[in-house]
Amino acid sequence: MPQLLDPNTDVSTLPSFMSRSAVEQRINQLLQYMSRPDSALSTRRRLRELSSLLATYPDAIHYAVANRAIQTVIRLNQRSEELMVRQHSNQVLALLGYCEPPKGNGIRILSIDGGGTRGILVIEILRELERLSGKPVHEMFDLICGVSTGAIIGMLLGAMRTPIDECEEYYHRFSSHLFKSDFLRGAGRLIWSHAYYDTTVWEKILKDIYGETLMMESKQCAGTPSVLAISALMNKPSIEAFLFRNYELPIHTRSLSQYEGSSKYKIWQAVRASAAAPGYFEEIRLDQYVHQDGGLLINNPTAVAVHEAKMLWPSEHIQCVLSLGSGRFVPQLEEPPSRTTSLKTKIIKLIDSATDTEMVDRLMKDLLPPKTYFRINPYLTEMGTLDENRREKLDQMKADARKYLRKNDNKFTEAVTELTQKRKVRQHLEDWLRLQYYLRV
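End of the sequence shown = 441 in the UniProt record's numbering, gap-free, step of one.
Just so you know, the hints here were simulated from the structure itself, not pulled from any lab data. It cannot be assumed that every hint is accurate.
[Claimed, not checked] As a list, the in silico DSS-like pairs of lysine-lysine whose alpha-carbon atoms are at most 25 Å apart: (1) K310 to K103; (2) K365 to K411; (3) K371 to K407; (4) K135 to K407; (5) K103 to K371; (6) K310 to K365; (7) K422 to K371; (8) K422 to K411; (9) K422 to K135; (10) K398 to K135; (11) K135 to K424; (12) K264 to K310; (13) K407 to K365; (14) K403 to K135.
Could you build all of it, start to finish, from the sequences and the hints given here?
So, in structure tokens, the structure goes:
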């Protein structure tokens, strides 16, 4: 029979490997201890250990759920007056795949495209959204999904709950510090590591901004939305998407998911993987996988966001989907079609087709109900590069965003109206009755 750990064992002293039976027995022991009144210190320690076990041995989540771990932790959360106990219980519930009902009338989704420093206009759009609604971004959405620069913004505003002005300051900071490499050094790095910019500097900036916080730890604060970032797995037979989540999917929908993912990584690692644009930054290896920019596969993540939302809340309707692009440039004069095309042109068109964001837009318009889906993708005065860092160019992008919002005021106002619809009294009552039944089963 496997030796069980002392109930007050510190997480840092856990064995490097535990057999399946030992893990299950320890989970059962922890749940028994947590079902009884105890000191806040002991309870926090047990919650941390349970969280560590579930993250290290994700297959044990099925066992924990089957042994009423969700019910035990919910009751613990309800009866505790200790803030840190409630925070750790929130994290454990997210790992167990438990989702509270949406905060609004239905599921509210924010999707953010990739686009390098053009993401500055996304911040401008979200600033206007906060002004009109009177609420911060993390309070308006149940799920936030981003790829590349969208992951940077989504993690700041959603997982970290960073104020919008501070988010823009970070954006200017990394664009000015990172994208200033001289040509010779950049060319040398491009030859040797396939990355024009210094990836070490990039990782230091990310660690300074996001710290060492784990994805799952962002769920400790009540009301934090479900957040995910998308990367592309490069060392599989074909390129596949990987989802960095701050939650785990419910047991009953996990087998239906189309995407591999995890909540065990640090936020900076998720952003680093999702924004590892080829030619700009080195790829990143996490465990057995090599990750690069998710925009290589999915540059408009709206469809992925809707899929994840239906996995989390299968019985809820979609209330509002706000899809933000990083700008598009349409030349004033189109050249007449050519009889032939060069190899370079064919390759460029092939890449553009593979990362087409507007195709997803057209599909979402067809599939989602009217007045549910809103796509905001401002027209640009000029097409900026992914690494544009000149202040006047970034300011021009912000001006382009404001101009677009003025011209599409009715559309944007309608989106804000949908996002701010409160959950009905009937829905609150149904949520309460469902929870009471769930706790008694």
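We went through each hint and held it up to the structure:
1. K310 to K103: 15 Å, holds
2. K365 to K411: 14 Å, holds
3. K371 to K407: Satisfied, since the Cα-Cα distance of roughly 18 Å is no more than 25 Å.
4. K135 to K407: 23 Å, holds
5. K103 to K371: 19 Å, holds
6. K310 to K365: With a Cα-Cα distance of about 17 Å, the restraint between K310 and K365 holds, given a limit of 25 Å.
7. K422 to K371: 16 Å, holds
8. K422 to K411: OK: K422 and K411 at ~20 Å, within 25 Å.
9. K422 to K135: With a Cα-Cα distance of about 13 Å, the restraint between K422 and K135 holds, given a limit of 25 Å.
10. K398 to K135: 21 Å, holds
11. K135 to K424: Roughly 19 Å between the alpha carbons, so the hint for K135 and K424 holds.
12. K264 to K310: 22 Å, holds
13. K407 to K365: 20 Å, holds
14. K403 to K135: 22 Å, holds
Hint compliance for this structure: every hint is met.
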